[in-house]
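J.: Top line first, the protein sequences correspond to chains Z and X.
Each residue of the first sequence is one higher than the one before, starting from 1 at the first, in our numbering.
Each residue of the second sequence is one higher than the one before, starting from 366 at the first, in our numbering.
Source of the hints: derived by calculation from the structure; they are not laboratory data.
For each residue, glycine too, the CB sits at the ideal point set by N, CA and C.
Among the hints, erroneous ones may be present.
[Stated by the list, open to error] Distance windows between CB atoms, simulated: (1) Z/S12 <-> X/R676: 37 to 45 angstroms; (2) Z/L129 <-> X/V459: 39 to 47 angstroms; (3) Z/A93 <-> X/A628: 24 to 32 angstroms; (4) Z/R92 <-> X/G664: 55 to 63 angstroms; (5) X/R574 <-> Z/L43: 48 to 56 angstroms; (6) Z/L129 <-> X/L637: 49 to 57 angstroms; (7) X/L637 <-> Z/W119: 49 to 57 angstroms; (8) Z/N287 <-> X/T691: 20 to 28 angstroms.
[As the list claims (entries may be wrong)] Cβ-to-Cβ under 7 angstroms is the rule here; a few derived chain Z residues that face chain X: (9) P59; (10) R62; (11) T75; (12) E101; (13) A107; (14) L115; (15) T144; (16) R147.
[Claimed, not checked] Non-contacting residues of chain Z with respect to chain X, defined by C-beta distances greater than 10 angstroms in every case (computed): (17) R92; (18) W104; (19) L111; (20) R358.
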Amino acid sequence: MTLPAPDPLSLSGVFFDGRTSRDRAATLTVSAGEAQLRVDGGLETRWAVTQLRIDPPVPGVRRVLKFPDGSRFETADDASVTALEARTGRNRALGQVRRLETRWWTALGALALTLALAWGFVAYGIPALARGAAKATPRSVLATFDRETVQFLEDGGYLGSSRLSAARQAQLQTEFRRVTAWAGGGYPYRLLLRDGAPEDAPFQLGANAFALPNGTVVMTDQLVALARSDRELLGVLAHETGHVTHRHGLAGVYQGLGLTLLSVAVTGDLISAGTFAAAVPAALLRNGYSRAAETQADEGAGRYLMGTYGTTRPLRDILARLDREDRNADESSVRGGSRTEDLLQTHPGTAQRLRHLRDIEARGR
Amino acid sequence: MTDAPPPAPPGRHDRPLAPAGGAQAVSELPVVTTYPLAFTGQAGEYFRIWIVNTALSIVTLGLYLPWARVRQRQYFYGHTWLDGQNFEYTASPVALLRGYLIVGAFFLAYSVTANFDSTLWIAGLIAVLFFGLYPWLVMKSLRFVAASTTYRGLRFRHHGKAGGAYLAYGLANVAAGLTGGLALPWAWFMQRRYQVQNAAYGNAHATFRGDVGDFYVIGLTGLAVGIGGGVLLALPLIALFFLLGGANFPEAGGETFTPGLVAGLVGAYLALLALYAVAWQYVRAATLRSVLNRVEVGGVVRTGATFSPWRLVWIGVSNALVQALTLGLATPWAAVRRARYVVQGVQVRAIASLDDFAADAAPSESALGEAATELLDINLGF
């Protein structure tokens, strides 16, 4: 377009009329806005260059030019077709893609970009998106979650009615209200005291406490029995309310969804993403998110304990006892676990959590 | 840019010499010419295409995905040669995108609504809709794939009707389930017959000359491989179990799951997975070969396959292993390796020139079925 009269382009290739499968050798000459097609055997046609359709280039694949009457010209002369594209401004975007595809350094750049984006998405994108989605989720949905989960656990026989005396239960409820007043957030908090090891339970929850998205906190008799003082239980309850106010439970659901979508992107379809091979890395990543949430909840519980008692010791002690499954253990009996073991756990290693809580105490002084 | 065209048109057959003095040609028998298929794709070249398009798909949050799929397919079609001409994939990425968005929206709605009791009925409705439409989606997909394939300037077509699809992909699958798998090879037969019998190149219709027996032989071989391999694997494992873990059980108080036992269980699970993969890959490979050996087009062309199903099983299993070890980065190499072996093992035998096919009026096909089968990995068997 810049030159007054660009050199005529001459391409040799094969002609198909689109009505039969017969191939005929042909030449196409393009000059000054007109394309002249000469087919072996005498046929000669002229087209305006604007009438030509040029299929986007794919590396190593023969180029195809299509004419309005359904006939086509195929050629291995990629350089001339590329020149024709440049002159007429066709296939700009996909021509650019082809340029990226033909060089090793751009391909390796794409590889680096893919790996970096995948890592960034897993490390920052999914958690941020999940946090945002969890914040935006209406309260009514949270209430449904709580209701259905408790119903599932009770109908399934995982939880039985508490064997604690009415007086003891009332005492714990009062203490729980103090923690929730501190935690705030306007959630309809309630504490469910339950037996975590009823007979013929399909799975023993044992000494355990967990929070549901809308402020329902379940604590088992077995955990109450494991504690040597109520301060320890308050530390645990403060930890659980942290999960509620940060909406960790819901964020976990969204993170799971995000990881599923990522598996789909990696494996290329929706069914392979559900297979064992894809499930293992996804589960490992999910555990990673869960460990981050635990650390955040510990942070809150640590601040509560510092504010109330001036020490994080009660939570440390009960964590140690949970870890050793021993009523007489304390934090000195916990040794550091290996990193691989960490990877498989939903909570950070106990040793790491104790260190974190000691740091909070040191900072608080 | 530097990729030079192949020196000689690949797949070009040696034309039989015209019988000298044609007048007194002895035979009334037609001259059969064999045209081998050739594949000229390169793993390195395809890796670059694959990774660039993957990166673009990610950067565009998936919107570029249809363009990526089309380019990747165009590479494989364009490098498959028959009698000096290559195949061409002509699907429109915009049509595919529309299909992807619809299928993706349904899948998202299903995933979200399946989480709550109050909305479970919506998920159920989507599931029922999917199973009800499954044969129809397969039909749409077959029609789309055929209409998107061009060779020598002529399009392929698939004339499948919904009735046939509901028989082959609906009724036959239900029958296979109800009979506990006894009717499964019959279902495969019905499905392949539906695929081939309705296919056409230009106006030349394909016919399927296979019968149910072939599929029962393949199914039984696959079953025998599964059972035989299972027995061979189980014997040493059971022996090992009794030697290591089993003897401990009487006094096993706390530690039931010793590391050795866990390793054994994981090993057994992986072995079973591998065995299942081998048996299934065998069925797929043997079916492909058997079907290709029984296709006739327009009464003048027959396809034939000489690749070995067992070799294809080995390629499939080793590909999967390498892909897993390289976190998927070896996918392009694996795809080129498989395509090369399959394509080089296929021939076309013709009693007429491949020049003599004529076009048929080809309506445009919707990409919805294709999007569904691709995203949901519905196996069409080829």
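J.: Verify the CB-CB distance for Z/L129 and X/L637 against the hinted window 49 to 57 angstroms.
T.: violated, 37 angstroms
J.: Say whether it holds or is violated: Z/W104 keeps its Cβ farther than 10 angstroms from all Cβ of chain X.
T.: Its Cβ does come within 10 angstroms of chain X, the nearest being 7 angstroms, so this is violated.
J.: Taking the CB of Z/A93 and the CB of X/A628, does the distance hold inside 24 to 32 angstroms?
T.: Cβ of Z/A93 to Cβ of X/A628: about 52 angstroms, so the range 24 to 32 angstroms is violated.
J.: Z/R62 was flagged as interface toward chain X. Is the shortest Cβ-Cβ separation under 7 angstroms?
T.: holds, 6 angstroms
J.: Is the claim that Z/L111 lies outside the interface with chain X correct, judged by CB distances over 10 angstroms?
T.: violated, 5 angstroms
J.: Falls inside 20 to 28 angstroms, the C-beta gap from Z/N287 to X/T691?
T.: holds, 24 angstroms
J.: Would the hint on Z/T144 be counted as holding, given a Cβ-Cβ threshold of 7 angstroms to chain X?
T.: holds, 6 angstroms
J.: Taking the beta carbons of X/L637 and Z/W119, is their distance inside 49 to 57 angstroms?
T.: violated, 33 angstroms
J.: Mind checking the CB of Z/T75 against every CB in chain X and telling me if the closest is under 7 angstroms?
T.: violated, 9 angstroms
J.: Identify whether the interface hint at Z/P59 stands, where standing means a beta carbon of chain X within less than 7 angstroms of its own.
T.: holds, 6 angstroms
J.: Please check whether Z/R147 passes as an interface residue: C-beta within 7 angstroms of a C-beta belonging to chain X.
T.: violated, 9 angstroms
J.: Does Z/R358 clear chain X by more than 10 angstroms, comparing its Cβ with all Cβ atoms of that chain?
T.: holds, 31 angstroms
In this structure, the earlier hints numbered 2, 3, 4, 5, 6, 7, 11, 14, 16, 18, 19 are contradicted, and the remaining ones agree with it.
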